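Enquirer: Construct the complete structure from the given sequences, taking the supplied hints into account.
So the protein lines, in turn, are chains A and B. Going by my numbering, the first residue of the first sequence is number 1, and it counts up by one from there. Going by my numbering, the first residue of the second sequence is number 1, and it counts up by one from there.
Note that these hints are calculated values from the structure, not bench results. Just to be clear, a hint being listed does not mean it is correct.
Said to hold, decoys possible - Pairs of lysine-lysine, DSS-like flavour, derived with a Cα cap of 30 Å: (1) Lys91(A) <-> Lys281(B); (2) Lys32(A) <-> Lys101(A); (3) Lys252(B) <-> Lys162(B); (4) Lys297(B) <-> Lys281(B); (5) Lys91(A) <-> Lys34(A); (6) Lys281(B) <-> Lys90(A).
Just so we're clear, the structure is a prediction, and the values are computed from it rather than from any experiment.
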Amino acid sequence: MKNILLILLPTIFYCSSCKSGKNSMHCIENDKFKEEFFMRINIVEQNLPLNQDSLFRSSLIFLSNYAPVSFYETMNYARIYPPQAFERDKKVWIKWYEDNKCKNLQLKENYPIPQQYQEFFEY
Amino acid sequence: MLSVTFFDRCLKPAAGCYPRTTTVKTRCNSFGQTAKNAWKCVDVFFDDLVIVYKPALAVQETHYSPFGLVLKGIEKAGSPNSDFQYNGKETQEELGLNWIDYGARNYDPQLGRWHNVDPLADEMRRHSPYNYAFDNPIRFIDPDGMKPDELIVTGVAIEEVKKQISNGSGGFYSADIDKDGKVTLVSTGLDKEIDGMFSMTKGQAAFVQTINEAINSLSKISIETVNADASVTVGSIIANQIDMADIAEFDKAGPGGASSAGAFSHEVKEQQLKAEAGGVKGVYPAGAGLMHHNATKAENRTNGNLRVEDPATGTNTFYEKDGTKTDQTVNPNPATGVATVTKVKIP
Numbered sequence: 001m002k003n004i005l006l007i008l009l010p011t012i013f014y015c016s017s018c019k020s021g022k023n024s025m026h027c028i029e030n031d032k033f034k035e036e037f038f039m040r041i042n043i044v045e046q047n048l049p050l051n052q053d054s055l056f057r058s059s060l061i062f063l064s065n066y067a068p069v070s071f072y073e074t075m076n077y078a079r080i081y082p083p084q085a086f087e088r089d090k091k092v093w094i095k096w097y098e099d100n101k102c103k104n105l106q107l108k109e110n111y112p113i114p115q116q117y118q119e120f121f122e123y
Numbered sequence: 001m002l003s004v005t006f007f008d009r010c011l012k013p014a015a016g017c018y019p020r021t022t023t024v025k026t027r028c029n030s031f032g033q034t035a036k037n038a039w040k041c042v043d044v045f046f047d048d049l050v051i052v053y054k055p056a057l058a059v060q061e062t063h064y065s066p067f068g069l070v071l072k073g074i075e076k077a078g079s080p081n082s083d084f085q086y087n088g089k090e091t092q093e094e095l096g097l098n099w100i101d102y103g104a105r106n107y108d109p110q111l112g113r114w115h116n117v118d119p120l121a122d123e124m125r126r127h128s129p130y131n132y133a134f135d136n137p138i139r140f141i142d143p144d145g146m147k148p149d150e151l152i153v154t155g156v157a158i159e160e161v162k163k164q165i166s167n168g169s170g171g172f173y174s175a176d177i178d179k180d181g182k183v184t185l186v187s188t189g190l191d192k193e194i195d196g197m198f199s200m201t202k203g204q205a206a207f208v209q210t211i212n213e214a215i216n217s218l219s220k221i222s223i224e225t226v227n228a229d230a231s232v233t234v235g236s237i238i239a240n241q242i243d244m245a246d247i248a249e250f251d252k253a254g255p256g257g258a259s260s261a262g263a264f265s266h267e268v269k270e271q272q273l274k275a276e277a278g279g280v281k282g283v284y285p286a287g288a289g290l291m292h293h294n295a296t297k298a299e300n301r302t303n304g305n306l307r308v309e310d311p312a313t314g315t316n317t318f319y320e321k322d323g324t325k326t327d328q329t330v331n332p333n334p335a336t337g338v339a340t341v342t343k344v345k346i347p
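Expert: Structure (structure tokens):
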């Protein structure tokens with residue numbers, strides 16, 4: 001039994017180190033993107049109850065180009081993005097980032113307005 | 001208005017006003033040389049110019065009593081006489097009955113009664129199964145012989161809805177909301193007091209019209225009221241909800257922009273349009289943008305101004321009748337659940 005453990009334990013340690021080494025080798029996290037992504041989330045969070053201005057709205061459009069945004073929720077009297085939608089979406093955005101951060105995420109030159117939000121601009 | 005265009009012998013326009021894109025040489029421009037879409041005018045002189053206007057012959061002119069009886073004395077019957085008359089329904093002249101075919105039932109305008117029992121009589125037990133438009137054809141319209149649908153208001157803020165309807169109509173109407181939430185407008189008789197000295201303003205009349213249109217809609221409109229609900233900012237087209245605490249904030253924010261009645265009109269109209277489009281509670285309706293747009297028109301009539309939204313910046317500018325503008329912002333307050341309405345007057 002001792003002999004089996006002596007053989008197995010180093011193998012397990014070796015394999016686990018191999019795995020982590022492999023991950024770190026293939027994870028390319030773009031700090032510039034990370035900074036921009038979380039700055040946009042911050043803008044949305046800060047401006048949400050104060051002033052949902054053009055910066056706020058462009059930040060939502062930015063985020064929607066990467067992760068889902070509940071634009072349907074904004075179809076209310078003042079076309080306000082409601083706090084409850086933000087609370088839900090924020091968790092989704094952060095999860096999306098964690099799931100995709102190793103994919104060398106890049107900023108785009110243009111951020112098209114998503115289909116659901118375009119309806120606002122038609123009338 | 002009579003528009004006249006003159007042609008020369010080559011059948012080219014010879015004089016008058018032309019769009020800016022034409023190549024006619026300009027000698028005068030009544031709207032200024034640089035004005036866009038201005039019309040260019042040329043002077044022209046005629047000898048013995050005579051303009052003869054022969055109006056087209058009216059094919060048919062039919063007048064009705066409120067219940068749809070043709071007033072023969074002042075009627076101008078066509079040749080042939082159109083059978084599709086009152087409410088666009090076909091008159092049945094066979095056997096001299098002069099009934100009108102409404103699809104579900106035959107209607108007799110001489111009696112103001114249906115000749116067939118209401119197929120939905122058990123749903124309206126208070127009324128005769130033969131009555132037409134609840135004996136009130138000025139207020140109600142019956143497009144098919146079936147029943148009008150209802151405006152149903154439920155939830156925690158029923159009293160606020162009653163208060164809002166009373167305020168919005170200037171006290172001329174109150175809302176009767178039964179245990180099922182069915183809304184009926186009841187005249188308070190204010191207009192009959194002191195020999196009709198009081199009358200509704202245009203905005204109040206527009207508000208009453210919006211509520212009446214919802215009540216008389218062919219679709220059943222169900223609205224849930226909430227009070228200071230942080231998940232609803234003024235109203236939610238998806239959840240069929242109106243936050244009456246948010247609605248009250250519009251009047252508290254001062255004059256200009258949207259009044260509480262205006263915002264309430266907007267929400268009711270939006271829900272009416274959703275219901276008429278077959279929308280379901282909890283589901284985002286297709287064409288919500290257009291519904292919002294048309295609801296804004298109803299709101300404008302109640303407010304007596306023009307709301308212009310900029311979705312890129314989130315600003316709402318109201319162009320007031322006195323030539324001023326009001327910038328209005330509505331911001332949610334997650335802590336209290338009551339939206340903050342801010343109005344800034346711009347001279």
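Enquirer: If a hint holds in the structure, say so; if it doesn't, say that too.
Expert: Evaluation of the provided hints:
A threshold of 30 Å between alpha carbons decides the hint, and for lysine 91(A) with lysine 281(B) the separation of about 26 Å falls inside it, so the pair holds. For the hint pairing lysine 32(A) with lysine 101(A), the CA-to-CA distance comes to about 11 Å; that is within 30 Å, so the pair holds. A distance of roughly 18 Å separates the Cα atoms of lysine 252(B) and lysine 162(B); the hinted pair therefore holds under the 30 Å criterion. For the given pair, lysine 297(B) sits about 23 Å from lysine 281(B) by alpha-carbon distance, which is consistent with the 30 Å threshold.
Restraint check for lysine 91(A) and lysine 34(A): the C-alpha separation of about 16 Å stays at or below 30 Å, so the hint holds. In summary, the hint linking lysine 281(B) to lysine 90(A) is supported, as the alpha carbons are separated by about 25 Å, within the 30 Å threshold.
Violation of the numbered hints given earlier is absent; every hint is satisfied by the structure.
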